[in-house]
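Residue numbers (this note's numbering), protein chains in the order written: chain Z, 1 to 249; chain P, 1 to 222.
Derived from the structure by calculation, the hints contain no laboratory data.
Remember, it's a predicted structure, so these values are computed and weren't measured experimentally.
We put the CB at the ideal spot given by N, CA and C, even for glycine.
Don't take each hint at face value.
[Unchecked claim] Straight-line C-alpha distance at most 30 Å; calculated DSSO-like pairs for lysine-lysine:
#1 Z:Lys4 with Z:Lys177
#2 Z:Lys124 with Z:Lys189
#3 P:Lys218 with Z:Lys177
#4 Z:Lys113 with P:Lys161
#5 P:Lys161 with Z:Lys124
#6 Z:Lys116 with P:Lys132
[Claimed, not checked] Listing some non-contacts, in silico: residues in chain Z with all C-beta distances to chain P over 12 Å:
#7 Glu176
#8 Asn193
#9 Ser232
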Amino acid sequence: MSEKPFLNISGLTKKYGDTTILSDIDLSINKGDTLMICGPSGCGKSTLLRCLNGLEQVEAGSLTIGDRHVDLSDPNQRESARQGTGLVFQNFNLFPHMSVLDNITLAPRRVMKTPKSRAEDEAKDLLDLIGLTDRMQAYPCELSGGQRQRVAIARALAMNPELLMFDEPTSALDPEKKEEVLGVIRELKSIKNVTMIVVTHEIGFGKTVSDWAMLLDAGKVVEFEPSTDFFSTPKSQRTKEFLNAIVNA
Amino acid sequence: MNYNFEFGILFQYGDYLAGGVWYAVIIAFPSILIATIVGMILAAAHLSPVRIFSMASSVVVDVFRTLPVVVLLIWIHYVFPILTGLSMSPTQSSILALSLNGSALACEAFRGGLQAIPGTQRQAAWSLGLSKMDTLRFVIIPQGFFSTLPALTNVHITIIKNVTVTVLIAVPEVMFRAQELTVQFFRPLELYTGAAVVYVALILSFTVAMRRLEKLRKWESV
């Protein structure tokens, strides 16, 4: 890895009461890299993303993206993490009372003070990218699950995050709709060179798209390797077991 | 059972009875308006992170939703003037009593409506970098408006029905007039039934209007 990685997470520790959810997580990746995180339920994958997105108060840890350095344990700095990172949720969490266009333009207009017309032009470009230009005025309830998730991706992208994170973006979708969403994520990598962290159990997707892969278990990093090595020659016994379990599922 | 119903009295004095609707309206309407606004403020105070606000709101709500409206009315109309030397007309006292009770009920309706919005909506907004104020203004309140409406309609109906309690301080609304005519003609069953019909009609027309408002929602939660 080059001397100064684009994304660096160091010493991230999160507790709920006496229970340690994440203990001393360190990792770094380069600009444009995609990191896949997998692990059993309750291992802290979602919490990790939420911490990086500044949604959770952590005990210790910092995040560096490009020139932005955020001490995540400082409540006043977490705001900055929210603006530098984007998060796509498992259940989309679109704003049901707003049209697709309003969902995408709300944050740019309110947070970055982008004028309405420019925010809408940018939103239309994003809609073009996710292939939903014709559903611009629709409400989320009128869209399929796959379409909703694509809109959620566009909504996060509209803030131009330096790091885009996905929390099991396809686990609420059927196989066909899954492909629809994974296709968009692939395009983000190839066309826009977005730096991404994807929590997913789609091994096929991980193998073809991610540069790095990580197994998280009980709040600790078990293995963090370039994904070619991770999937072909995992070092840890735990990783082997986990990958076997997924493949045989 | 050999009671002879004589609903003829209602045809004879129906106009007089229904004339009481005017008082029901001038008491219920301001009370609904005040209760809704104060209820909204109480709910905001309750959800506020400032402890003194949320505690004060809880106390006010618990006091005014547990006190029987009859007692509230009598205190306001008879006890309050004794203590302060200030007196109010029966209509004013009624509006105050129904507003106080209604505010407590409306607060709970707003609280329930806002809590019905999943926490994930707030997280999605914060995740995009929206401030707490903007999250409230653009994400929570617009959704909360519609999720509150059904419960709020119930509160409004309760307020309208509580107008009947004002017979106690001689507000000449429908129920008072029914009582008055009963004393005169001894036809209580017919007259109170007639009064009920007037209230049912009033409340039904109100709920029709509220349903129209609910229909303005073009979206569904997903």
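Okay, the hints, checked on the actual structure:
1. With a CA separation close to 38 Å, the supplied pair Z:Lys4 and Z:Lys177 exceeds the 30 Å bound.
2. In summary, the hint linking Z:Lys124 to Z:Lys189 is supported, as the alpha carbons are separated by about 19 Å, within the 30 Å threshold.
3. Taken as a hint, the P:Lys218 and Z:Lys177 pair is honoured in the structure, with Cα atoms around 26 Å apart against an allowance of 30 Å.
4. The suggested pairing of Z:Lys113 with P:Lys161 is violated, with an alpha-carbon distance near 49 Å, which exceeds 30 Å.
5. In summary, the hint linking P:Lys161 to Z:Lys124 is not supported, as the alpha carbons are separated by about 52 Å, beyond the 30 Å threshold.
6. Between Z:Lys116 and P:Lys132 the alpha-carbon distance is near 21 Å, which keeps this suggested pair within the 30 Å criterion.
7. For Z:Glu176, the shortest C-beta to C-beta distance to chain P comes to about 19 Å, beyond the 12 Å cut-off, and the non-interface label holds.
8. Every CB of chain P is more than 12 Å from the CB of Z:Asn193 (nearest about 22 Å), matching its label as outside the interface.
9. Even its closest Cβ contact with chain P, about 35 Å, leaves Z:Ser232 beyond 12 Å, as expected for a residue assigned away from the interface.
Checked against the numbered hints above, the structure breaks hints 1, 4 and 5 and satisfies the rest.
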